[in-house]
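2 protein chains.
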Amino acid sequence: MASESEGIASVSAVGGSEAGDGMTEENVMKIMIATDNHLGYFEKDPVRGNDSFLAFEEILKHAVSNDVDFILLGGDLFHDATPSQNSLKKCMDLLRKYTLGSKTISLEFLSDQTINFVDCFNSSVNYEDPNLNVSIPVFSIHGNHDDPSGYGLLSSLDLLATCGLVNYFGKRTDLTKLDIYPILMRKGVTQLAIYGLSYIHDSRLVRLFMDDKVVMKTPDETTGNWFNLMVLHQNRANRGLKNYLPEDILPPFLDFILWGHEHDCRIEPEQHFKHQFHVCQPGSSTPTSLSEGESIQKHCGILCVYKDKFKLEKIPLKTVRPFVFKSIDLHSYAEDYGFDEGDTENKVMALVREQVEKLISEAEEKVTGHPDQPTLPLIRLRCVYENEEHMFNAIRFGQEFATRVANPSDLIKFKKLVKRVDSKSDIKVDGKAIKDMMANTRTSVEDVVEEYFEKADESDKLKIMSTKVLNEVTNRIVNRNDTTAADSILKWVFFSFFQICTSLIYI
Amino acid sequence: MASESEGIASVSAVGGSEAGDGMTEENVMKIMIATDNHLGYFEKDPVRGNDSFLAFEEILKHAVSNDVDFILLGGDLFHDATPSQNSLKKCMDLLRKYTLGSKTISLEFLSDQTINFVDCFNSSVNYEDPNLNVSIPVFSIHGNHDDPSGYGLLSSLDLLATCGLVNYFGKRTDLTKLDIYPILMRKGVTQLAIYGLSYIHDSRLVRLFMDDKVVMKTPDETTGNWFNLMVLHQNRANRGLKNYLPEDILPPFLDFILWGHEHDCRIEPEQHFKHQFHVCQPGSSTPTSLSEGESIQKHCGILCVYKDKFKLEKIPLKTVRPFVFKSIDLHSYAEDYGFDEGDTENKVMALVREQVEKLISEAEEKVTGHPDQPTLPLIRLRCVYENEEHMFNAIRFGQEFATRVANPSDLIKFKKLVKRVDSKSDIKVDGKAIKDMMANTRTSVEDVVEEYFEKADESDKLKIMSTKVLNEVTNRIVNRNDTTAADSILKWVFFSFFQICTSLIYI
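Residue numbers (my numbering), protein chains in the order written: chain F, 17 to 523; chain B, 17 to 523.
Quick caveat, the hints were computed from the structure, so don't treat them as lab data. Take these hints with a grain of salt, some might be off.
As the list makes no split between identical chains, a pair holds if one copy fits it or if it spans any two.
Lysine to aspartate or glutamate pairs mimicking DMTMM-like chemistry, simulated, CA-CA at most 20 Å apart [said to hold, decoys possible]:
#, residue 1, residue 2
1, K432, D356
2, K113, D145
3, K432, E308
4, K334, E73
5, K113, E144
Note that the structure is predicted; figures quoted are calculated from it, not measured.
The shape of chain F in the complex, shown without the other chains:
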């Protein structure tokens, strides 16, 4: 509900100070928020292998030192659908070290746990298990990287839940209708409802919203006022209709959205232009691509909730390896550097070398002094070219910096200048507008194919399913290292195997 949310302030947590209206420690819920930790990313790399774990450990340490009531994660705790034993072991080690211990938990769990955890394997919230001494409960939804897969359709979070280290929620097995029963918790006078929605393909989710198939099971009105927090893991930036979740589509009664999946840090809560809710996008804690967005300072945050008010304290992560990104347009230097006269390759390389040196200097400013921070920097210089003669062997060039950067082999990335009209990000549209646009616009090849087969007769419809299956298999194998995907998915559709072959030939 929350008729009014307090403005955001990067102030110290309100928990410790006493205010006139009863805003004492026992009435304020302190929540560590973080997302997209991607544990295990690049784990076999001798230089960068431990980066994801370092950042996660820092987050856990902040949770302990700030004495939070619980930790809320927005998905993609692991990078791979089936994390290596090494990743699982390191994660469990960290959780056991920082979230178990002797501490009284002052959270009353009010909702029906059998409903909250219906598709998961938690028998109860971990801190109510008499056999475990939990000091900081961790709650998490899954993301697209750690969603259920393989034999038994388990998420790696199911493993953590099974051994009592994480309270996994927001998992669905029925994707034809989403009844979201919130986790209801009380601390003193503050009542919090957490609506968890683990990753679902954006297009499916948007359709469910449009078809009024998403039902938020708000608590009974007689139970008083609730701070309504939603945690989800979807595309937020407009990547084409049906390929993101427009904020407008979310129910306006919400107070706060913890948005996972997007890696850029936009942790400062942004109030929606129309609705009352604020959206908070902490971003990943470790970069999984050398893009500009990933080079923004990484953060976790402490969300303090008191009745219908909140404050967010941003905590910059100091163990994240320095990463500097820059994009230059080679063509714009052509005249000054005389690219077109004589030894072009060496001239371009001289320019690039100079630029890289600057970036390495900039990276030094990102060294925080934290004893655990790896200081060998990630550097990415994107060289936009028009003339192919301006290119050179980037891998060989990178070797010049082998001891000075963490990523010599992909330090330089060439990109052909494509003259086009950029699509704006973050177009804000309302539900009706989306429906209209959905009805009239084709935004991708998939849409065209889908529409075609929707209009086709019944026997043809099977073919599009097969194509989707193949897409899904490829995506899972390539992006999420889920080697059992083909086996499990194809088993499910074995009866349409011949249709798959037919459709492949047909396409």
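Based on the hints, put chain B in the right spot on chain F.
Same frame as chain F, but now just chain B:
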């Protein structure tokens, strides 16, 4: 030490009864022993997928109902080196359900845990962790199926140890010398030393023993008398020199050997013909092959130790799927059934059908009435043939029994009669004899190759290493589902990659 071990008796545990000499509950250590649970074996099979978990759960239930002090496992808890998330989850679920709880542990842990668990990741024995309520500690070595592998060289037992569900010991990283520091535990007047030796390739282990590189670090004499129990996971049956561990080689001061790896149940302790120790081979709790040995009634056992005496209570497992094995010599039926006149195939099939019917009847006798036992039986009829005309399509034949047996596709196995002199199993030889035989005998192609390269010059020696590596990679991929084996092993020897190629061409 233990100068005298009490004879074995399949009696109820001594723990509850009071004897004149102080053999009271507080002085008797009760240990549930089991091995080779092979969790996850055949897990994707819709009929047999849960078998391994059912038997393991039964063992855990017996541990609880018999109020044992701890559980000791002899390796191969999991079937795969990297178990599926499904297997891990089910195992953790069971361990959490049956081994956590409120119960006072009356075991004093006396040895240095940092030494006992030196290569493992247990920070301490789990029941001393104040954050876990452990009712029955589980101790385990690894076997050849769940030995360390993949990135980070972790065993699945490391995962269980990390989340505090298992005390993993007996892992070695230095295989040039084995210093075995026993786990020392005391309960009342009984003192137990457990010497853990996780799986090592037999030939390497035998060589270490022969070279006096295995040192059992017995406790200080001033600490009193100890019951010396060794747990290991090696070939026991003679499978060729260097391919098993001869019992004679084990130090005679031991009292009791818990022998893992061998799947036949020989749980009744057998005293060594020369030494004082008894060897107890519980066998697997689930069959992983349809061999005669696996059809023997499966057991776990409760070992009661009082000072230097022990008793073993055998517990037949009642949830194991009925399995009947028989071998028939088709040729011996040829005359009676007139195989050589007319329709041979149908005549042989009629005989085989008759035999299978008998086996199905026999299997009914193995139905225990336990509510969790799957009753659809495993049946294996091995048909030894001399004449190939006596063969038929075994898979098609099996389909006749599709609803009556759990393994229709491999119900019948044809085996060509090979006339040869069988090698005896369990040849008992002493250490010197082994050394002599090792020096004079070549027992396998590997031995021949090894000897050749041992005599060859230095540059050739690299080649044999490459062959070994390839052998190891193949073994790990095929037998233990360790898909990262090639990656990790070949990375280790990447510098000899060209030698591998050369040696392959050469061979």
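As a check of your reading, is K113 near E144 (CA-CA no more than 20 Å) within one copy, between copies, both or neither? both (19 Å within a copy, 15 Å between copies)
Is it within, between, both or neither when you check K334 against E73 at 20 Å Cα-Cα? within (11 Å within a copy, 46 Å between copies)
Homo-oligomer pair classification [D145, K113; C-alpha up to 20 Å]: Both. Shortest intra-copy (18 Å) and inter-copy (11 Å) distances satisfy the 20 Å Cα cut-off.
Reference check for the pair K432 and D356, CA-CA at most 20 Å: within, between, both, or neither? Cα proximity of K432 and D356: one copy only (18 Å, versus 79 Å across).
My question is about K432 and E308: at a cut-off of 20 Å on alpha-carbon distance, are they close within one copy, between copies, both, or neither? Cα proximity of K432 and E308: one copy only (17 Å, versus 68 Å across).
Checked against the numbered hints given earlier, the structure satisfies every one of them.
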